[in-house]
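S.K.: In order, the protein sequence lines correspond to chains A and B.
Residue numbering for the first sequence follows our numbering, beginning at 1 and increasing consecutively.
Residue numbering for the second sequence follows our numbering, beginning at 480 and increasing consecutively.
Simulated pairs of lysine-lysine, DSBU-like, Cα-Cα distance not exceeding 30 Å:
no. : chain 1 : residue 1 : chain 2 : residue 2
1   : A       : K359      : B       : K506
2   : A       : K268      : B       : K1063
3   : A       : K363      : B       : K506
4   : A       : K359      : B       : K647
5   : A       : K344      : B       : K1063
6   : B       : K1010     : B       : K1030
Just so you know, these hints were derived from the structure itself, not from any lab.
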Amino acid sequence: MAIILLFLPLLFALIHFLFKGDFAKKTALISSLIVLGCNIVLLTQFDSNHSFNFIEHSPWIHDLGISFDLGIDGLGMLMLLLTNVLVPVIIYSSFGDERKNSSVFYALILLMQFGLNGVFMALDGILFYMFWEITLIPIWLICAFWGAEDRIKITMKFFIYTFFGSLFMLLALIFTYSQTSDHSFALQSLYNANLSGTGLYFVYGSLFLGFAIKMPVFPFHTWQPDTYTTSPTQGTMLLSGIMLKMGIYGVMRWMLPLAPEASPSVAKWLMILSIIGIVYASIIALQKNDIKRIFAYSSIAHVGMIAAGLFSLSIDGWQGATFQMIAHGVNIVGLFFIVHIIEKRIQTRDLTHMGGIAKVAPKFAVFFMIITLGSMAVPLTDGFVGEFLLLKGIYNAHMWAGIIAGTSIILCAVYMLRVYQLSMFGETNSLTSTFTDINMQETIVLAIIAILVLVLGIFPNIIFELVNNSVQSIFQLTL
Amino acid sequence: MKHMEQLLYLIPLLPFLGFAITGLFGKTLSKTIVGSIATTMVFVPFVLSTLLFFNLNHEHTEFYQNVYNWIHYAGLNINISFIVDPLSVMMMMIITGIGTLIHIYSMGYMHDDEGFYKFFAYLNLFIFSMLLLVMGANFIVMFFGWEGVGLCSYLLIGFWFKNKDYGKAARKAFIMNRIGDLGLLIGIFIIWNQYGSFEYADVFKSASMGGGSTALTIATFCLFIGAMGKSAQIPLYTWLPDAMAGPTPVSALIHAATMVTAGIYMIVRSSVLYNLSPDTLHFVAIIGISTSLFAAVIGLRQNDIKKVLAYSTVSQLGLMFLALGVGAYTSAMFHLMTHAFFKALLFLGAGSVIHAMSGEQDMRRMGGLKDKIKITYWVFTIGTFAICGFPILSGFFSKDEILAAVFAESPFLWVLAFISSMITGIYMCRMYFVTFYGSFRGTKEQEHHLHESPSNMTIPLMILAFLSVVGGFLNLPHLVGEGAAQKLAEFLHPIFKYTSVSMLELDETTEIALMVLTTIGVLTVIYFSYKIYTKDASLPKEDHELKGLEKVIAHKFYIDELYDTLFVKPITWLGGFTHNIIEKRGIDGIVNGIGSSVRFSSTMVRLLQNGNIEYYYLGLTIAIVFIFILKLIL
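Can you build the whole structure from these sequences, using the hints too?
M.R.: This is how it looks when you write it as structure tokens:
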């Protein structure tokens, strides 16, 4: 079963590479919906009491101990759902745009979906690494071909930077492999590997580098704002909504349980680093005028909070991080779509040129407000659940860490409301007076996101019922 | 009454439905229907609350309902659960009761506004949040309501968002509240660490058995930071006067009668914890009296009638915190209730005045309105006299109770509280006489438009005026008789089951003496205010005529400017510095530096590959020699 979910997007991607035409939009959407359907079928058969469901095991490169191991536990299932729900939304969000070579564009998105599904299913180190790199190529091409000005230089930096991190990850995996008793890259063997001394810290540090660059965690974040800003909207959505979660997922599945002995002395410092990043990014977001850039920095702040929660090594931090991955995915996709809507209408993202949009586009204003509230972690929205648990976890780990991380909920309100106020409130100007309210397609996308924001905030237990067992058991491995 | 317990969720759910219906479909419905739906969704909960009120007695002191499991995993379990005990039912009745009146009033007041349906949607959402706040059976549900009301306040202050300043005022309110909210959240975390639960029942029970500790003192202090934000106390009070940018019914409901009293409610709710933290209580008292005096002084030099009322709200809230600080929880709740009556009355009355004056808010442009808008004039008179503490009106009894409790604790604090009360009398009478007496100073056009408000505005005013008169009889002084007269104290008694509220009792002579003293004070103030402020000659000066201390007071002691210099500007500067220096030159500089050094070295290495075969031979030879040497050495 898992195999079908994995390879279906690849098949669809190949079809889209081969056939060119204007119908690519629709076929891509249908493809992604079929994948989502497949995922839902898996969900109905899923038993959250078992750790891994749908296990696939076949030898691959036997001599090196590499095998084709797949399996889905609660955490994995959640990540798959995030991916396979967001991909159709992201594809649908592009329906209003015209672009050249659109079938290649959608093929790349579907290829990316293949890689992402693989990352969240792989139970073998090399297989994981392979899928991890597979995701990089399509997103890089998307940004490099359909991006804005300066895209070549910026995407090159993004590519090299993240590739550089991945290599360290690969080194760490190979080193761990060399320390396994059964010479295998299987997840369980890697968990059991006998790491000590310098090797232990090398593995811990290298894996951190690989995942931290992807998320990104301060100070490895400088590729992010430029890349997010330059990428086409769908690229930014894929990067921020799903791809960065690979890093967080990696920390949970592949880093902390692999070398837990290093955590007591190191995790605390990584938590501090993450918290510095939260405040750092929030302060920068306060005075920017490009809304896409503001949301990019807000993403760094939110992800920093997730990372801090993981490194706080508390169950609340872990459950909160898991929830927040979903919430952040939903909210940030919504926010970047809002940027897209604004930019499409007034050809600028500069706040100083906006104002009064709420008056001419009241429907848009409501959705924008709901997503803003989610992002600001107002109770009964999805953002609150995650941030509340994360802060609780961080606070329990260290009082001052909790308080400093907590200032981000104030700072976040400051910059998010600044964006909202400068763009939506006040009188209209020559640019915004002709701003048309959102059309049907835009309404559907925003409504899906707004409903998710509220439902997840009011009934968060939907998520916890699915993941809490698996998060609990992975968390036990980190202690 | 078991089945009733299972229906508690309906009380907050109804206004939420009202919000959803008016918000989603309000645009297509007529104004009357929108207004009626919204009002019903608040009135029905009022009826339900009243039913609950009559079913609470000595045997049955609370109703409890666990609605659903919000978060559950090994190590944490949070329920959406509600509790209705005397404290919450009292708040519920104030919220839904005054809420209903204000909904009715708004149907008249907002009638010509294009955002009519949105206004009612927000009002319903506010009632929903406020009910969550007071009905929640744990700190988390309370926090939902706590932030929820902050959000509604934001939406309603910025209701007329086309005005840039209003938008700014809304943002300021939300952010100041958020600062307090963080304090509250940290306090809740400490409570969790201490007692391993968010549920009131568990926390208070464990606390009463465990006794005080440093952690508990810090926790109560953090909770109080939350209260400072929500209830506009020093140093987080500056948002409230600016919040007057919202439509006047909002000022009445949210920024006077209900939301701003959330801090009082929260402390009374946590009285077990506060009684175990005497240090925090002292701090609460100090903040309370300082805010009360400070805001009263600023109130003396404000000319916008809504601003005067705003500062008087801040000042009265300070008085309530003072009462909490000396442990007089019941007195604080008593004053909370009477204040809700007469402050809602005053704000709605002010709204009626503004309505009559075609939008004018400056009292210097009014005058002589007493014969023009008779109903408004009479209800306003009652409101003003009630807040001043005129004998037998509601404010007299509640304020007197606080003053007596404060005197028992510390005569010095009593003197300050007495001064604050007198200043309140002065600025309230100043506003009242300047507005309603003397000669009309508005434009010809305004005079032409002068009219009494429609009946859906005046009827709520009359009901509130009635309540402002009789509200005080709910809790008469000890002098009148023990027990029977003190209905409110007795009613609230069950909520203090885990703690003892032992008040220092004053002897009868002192109590009478204090009462006589305040009465004389109030009468004197009213008399001299009448003498001075009814004369046109003693009108408040124009802004440019002010100098010295007067100017400082009129500019609210420049506190906004101070905050701007101390916090806003430095943080903005820091943002720029972080981005331009640390980010661009520092971190990204290093990253790009690594990149370009790699490129540089690759360019260098590339020079070796020049296709000249002699060079290659040379390199080969050197390498071979080098390897041999290495071999020899090792």
